[in-house]
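Per my numbering, the sequence shown runs over residues 1274 to 1408.
Keep in mind that a hint or two might mislead.
Said to hold, decoys possible - When the alpha-carbon atoms are kept at most 20 Å apart in a straight line, the in silico EDC-like pairs for lysine to aspartate or glutamate are as follows:
#1 K1298 <-> E1315
#2 K1298 <-> D1388
#3 K1298 <-> E1383
#4 K1298 <-> E1282
#5 K1298 <-> E1320
Worth flagging that the hints you see were computed from the coordinates, not collected in a lab.
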Amino acid sequence: MTGIEWVVEAYGCRPEGLSNLETMKALFARIVQELSLHPCGETQWQEFPRSGGITGLCLLSESHLACHTFPEFGSLCLNLFCCRPRPEWDFETCLRQTLGAAVVNVRRLERRYIDSAGTAVAAVKSISGGLHTRD
């Protein structure tokens, strides 16, 4: 079984977008809605007055969505982890539209929960006397 993690960097973004909390809230809302994600509560936001940067963290039933903005460098770092496979999503177009990003790098990682040889499962069974699963 695998999860999917997207690690996204955007460069050449408009600083005013990166320092605007409403813009970042709208970005998160779009990602959550279009990928049919399920927030577990309110997104937490931290604004940094000195740099104008914003950090956001949304706990999802699927895992998490997080971002850090750096208006002083015109960049954004975004991370989305889903414990179950999701369809691909067009981060590049969204970030170009929303923040005016000139360059968007997206890395998609498969996060395996079980090694291919099954040795981790065998070790857990041996130690615990059986394999326990989540409800």
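Hint-by-hint comparison with the structure:
1. Of the pairs offered as hints, the one joining K1298 and E1315 holds, with about 11 Å between alpha carbons and a cut-off of 20 Å not exceeded.
2. Straight-line distance between C-alpha atoms of K1298 and D1388 comes to about 37 Å, which puts the hinted pair past the 20 Å bound.
3. Distance restraint check for K1298 and E1383: the Cα-Cα separation of roughly 27 Å exceeds the 20 Å cut-off, and the hinted pair is therefore not satisfied.
4. Between K1298 and E1282 the alpha-carbon distance is near 18 Å, which keeps this suggested pair within the 20 Å criterion.
5. The straight-line distance between the Cα atoms of K1298 and E1320 is roughly 12 Å, inside the 20 Å bound, and the hint therefore holds.
The structure fails to meet hints 2 and 3 from the earlier list, while all remaining hints are met.
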